[in-house]
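With these hints in hand, go ahead and build the complete structure from the sequences.
For the protein sequence lines, the chains are A and B, in the order given. If you want our numbering, it's the 1-based position in the first sequence plus 23. If you want our numbering, it's the 1-based position in the second sequence plus 1.
Derived from the structure by calculation, the hints contain no laboratory data. Every residue gets a Cβ at the ideal spot worked out from N, C-alpha and C, and that includes glycine.
Pair by pair, the computed Cβ-Cβ distance ranges are:
{"#": "1", "chain 1": "A", "residue 1": "A371", "chain 2": "B", "residue 2": "L130", "range": "20 to 26 Å"}
{"#": "2", "chain 1": "A", "residue 1": "Y289", "chain 2": "B", "residue 2": "L130", "range": "25 to 31 Å"}
{"#": "3", "chain 1": "B", "residue 1": "T87", "chain 2": "A", "residue 2": "Y289", "range": "25 to 31 Å"}
{"#": "4", "chain 1": "B", "residue 1": "D93", "chain 2": "A", "residue 2": "R295", "range": "26 to 32 Å"}
{"#": "5", "chain 1": "A", "residue 1": "V199", "chain 2": "B", "residue 2": "G31", "range": "49 to 55 Å"}
{"#": "6", "chain 1": "A", "residue 1": "Q288", "chain 2": "B", "residue 2": "R132", "range": "28 to 34 Å"}
{"#": "7", "chain 1": "B", "residue 1": "G31", "chain 2": "A", "residue 2": "R295", "range": "15 to 21 Å"}
{"#": "8", "chain 1": "A", "residue 1": "A204", "chain 2": "B", "residue 2": "H159", "range": "46 to 52 Å"}
Here are the simulated lysine-lysine pairs, BS3-like style, with alpha carbons at most 30 Å apart:
{"#": "9", "chain 1": "B", "residue 1": "K115", "chain 2": "B", "residue 2": "K202"}
{"#": "10", "chain 1": "A", "residue 1": "K150", "chain 2": "A", "residue 2": "K114"}
{"#": "11", "chain 1": "B", "residue 1": "K91", "chain 2": "B", "residue 2": "K33"}
{"#": "12", "chain 1": "A", "residue 1": "K483", "chain 2": "A", "residue 2": "K389"}
{"#": "13", "chain 1": "B", "residue 1": "K33", "chain 2": "B", "residue 2": "K109"}
{"#": "14", "chain 1": "A", "residue 1": "K484", "chain 2": "B", "residue 2": "K155"}
{"#": "15", "chain 1": "B", "residue 1": "K260", "chain 2": "B", "residue 2": "K33"}
{"#": "16", "chain 1": "B", "residue 1": "K115", "chain 2": "A", "residue 2": "K483"}
{"#": "17", "chain 1": "B", "residue 1": "K248", "chain 2": "B", "residue 2": "K260"}
{"#": "18", "chain 1": "A", "residue 1": "K389", "chain 2": "B", "residue 2": "K115"}
{"#": "19", "chain 1": "B", "residue 1": "K134", "chain 2": "B", "residue 2": "K155"}
{"#": "20", "chain 1": "B", "residue 1": "K109", "chain 2": "B", "residue 2": "K155"}
{"#": "21", "chain 1": "B", "residue 1": "K83", "chain 2": "B", "residue 2": "K248"}
{"#": "22", "chain 1": "B", "residue 1": "K134", "chain 2": "A", "residue 2": "K389"}
{"#": "23", "chain 1": "A", "residue 1": "K127", "chain 2": "A", "residue 2": "K97"}
{"#": "24", "chain 1": "B", "residue 1": "K115", "chain 2": "A", "residue 2": "K484"}
{"#": "25", "chain 1": "B", "residue 1": "K155", "chain 2": "A", "residue 2": "K389"}
{"#": "26", "chain 1": "A", "residue 1": "K127", "chain 2": "A", "residue 2": "K150"}
{"#": "27", "chain 1": "A", "residue 1": "K484", "chain 2": "B", "residue 2": "K109"}
{"#": "28", "chain 1": "B", "residue 1": "K109", "chain 2": "A", "residue 2": "K483"}
{"#": "29", "chain 1": "B", "residue 1": "K83", "chain 2": "B", "residue 2": "K109"}
{"#": "30", "chain 1": "A", "residue 1": "K389", "chain 2": "B", "residue 2": "K109"}
{"#": "31", "chain 1": "A", "residue 1": "K389", "chain 2": "B", "residue 2": "K91"}
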Amino acid sequence: MSLSLTALVVAALGVVAFFVARARANVFDAGDLSTRAAGDRPHSRPVYHGAFVALAAVIPALLLLSAFSFVQPKLLDGGIIASLPAADQPKSAIDRDAIIGEVKGLASGELADAFNPASKAAVPAYKVNQSRLQLEALAAAVLLAVGGAAWAFTRLAPQFRARNRVERVVMGILIVASLIATLTTFGIVFSLLFESLRFFRMVSPFEFLFGLQWSPQTAIRADQAGGSGAFGAVPLFWGTLFIGAIIAMIVAIPLGLMSAIWLTQYAQPRVRSILKPVLEVLAGVPTVVYGFFAALTVAPALRDFAFAVGIPGASSESALAAGLVMGVMIIPFVSSMADDSMAAVPQAMRDGSLAMGATSSETIIKVLVPAALPGIVGGVLLAVSRAIGETMIVVMAAGLAANMTANPFASVTTVTTQIVTLLTGDQEFDSSKTLSAFALGLVLFVVTLILNIVALRVVKKYREAYE
Amino acid sequence: MDAQTVTPTGSNTGTVTTKMTARDVSVFYGPKQALKSVSIDVSQENVTAFIGPSGCGKSTFLRCLNRMNDTVASARVEGEIKLDGTDIYKGDMDVVQLRARVGMVFQKPNPFPKSIYDNVAYGPSIHGLARNKAEMDGIVEGSLRRAGLWDEAKDRLHDSGTAMSGGQQQRLCIARAIAVDPEVILMDEPCSALDPIATAKIEELIDELRGRYAIVIVTHNMQQAARVSQKTAFFHLGTMVEYGDTKTIFTNPTEPRTKDYITGRYG
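And the structure:
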């Protein structure tokens, strides 16, 4: 019986334990509760007694099973090697892995035949070993579950504080859940950090951060044509800023801000209730959809326009196309942050201005926007951090050429685009070319982290000012 | 409280000119009627107090006098309100100009998150009352002096107005209101968020401003009405029950409901 089936058996035992314990606790509760003094009433409701016993049955058994699931493969592998006659003992780690793989494949039926006759001979012993281990796991788990339930059951009494214990276990489960989420983040950061360190052993951080030449193609063999492998990332940083922080923001900040002002200050409530969700739908459109809109519609139109007016260096993939579409994508972020922060300005402030004889637009420009400015700035910073991390639009519309140009009609490339091209396809994971993707990822991570922290601090500071 | 302990100050000075008149003013919030057919005259020389229990319509009526109810989408005003004989709800009355002539001070001090100077200069700058910095400095100083705040504020004109104490903030709001040189100042429970000392200062200030501006004050505090006003109107359940000289209202009201209220039977 496999481990997952064993886990199901344990769960079933838990359910049984719950009902038995609850029935037992119902006995404590029998009789007319209203006639009893408070001290006579059972401390916890029957459902907590049931849950306590069920948890005592399930948790230790499941912990045992999850520990066993780590140990079992090692035991089985050891068993395979041990069952081999002395002559067939593997000579290297690769041999060992090959034999183990073959035995497992044969046993599960995935392999019809083996290269190594020794593997075939080891299969029956392996199968016996496997079913014995699984039976042992089942027995241990069931024993533990029944034992845990029995121990818990003997503790049940009218004044037993089952509720407090169950609450504590529930809190523990919640802590574990949040730890998993947090630790995963740390895991990602560390993997990024260690791969980047490997890269920085090959290329100096100084060259990476300040070099002006980006050409990651390196020759693998001497006779191959290939770039020298230059890893100066400044052109990528420039392209990223040019698209995400300059062009996109030139589109998103005025449009987002003005639409927020109109929606909060001028629009009829009915119009607002329709238009605001429509605007927010923009935020839900998958970025790949924006990507092909940018690549197939906007970019060619811009190129044709550039040719018509005679702007040199126009390309069918341009910073402008990617930036414009990204700006549209970012509008809802800017506008909903601006909307929230303007709605948070106290009505008294608006009334004060209006009562002075200020018009609506004077009130907005002189009182509302300045008062909401920290929130708006925070929203813009969050939008920038989102824009520079955005990938699909720039992959599809910005291009791959690492140009240092301020011509918006020319093609530039961004950090995210380069990460995608460096890591897609067949790659060897020890070349500086591939590892440079991690260094780029690290830079992106650090920059967006700083932007987010600054933005959240700005927003928080502002919220404190009005509460 | 005991009506006998209240000693109204001031009295009607000889000639009285009517600044604002209201006739049959009713206000509706959606289908709900908040004010029923109120008629009142506000004179230039006196401080007029509106008293009454919470929800009686006194603040609603006050906000009709400078059309601040316009900012409430569901509000509808019926009847006639005239400022110097001109109906303020008729087409040719510009609400921006109206509010420059009829200023307002709110219940909670609401200085803008700007410097003290900029708070006072706000009105004059939007209405173009100063041609240069020197004139603006003059307006700011004059307004702060009249609001009794100059000595406390002159060395910190460029500090934020929100950093002042509550009482100072409220006097700043009064300075801000008088900086545009209005004809009428409406005060909506201006002391309800202040401590007794700050309240006394505001009351003193109201007395000093009397005569120069027609002042209408809404208050919960009957002693305050007795101390600062010469005319008092008592509101109850959306109607104006009684309007007369403050002295008469507090010592010899004609309506039994007024008497019950000022002697503390309800409210």
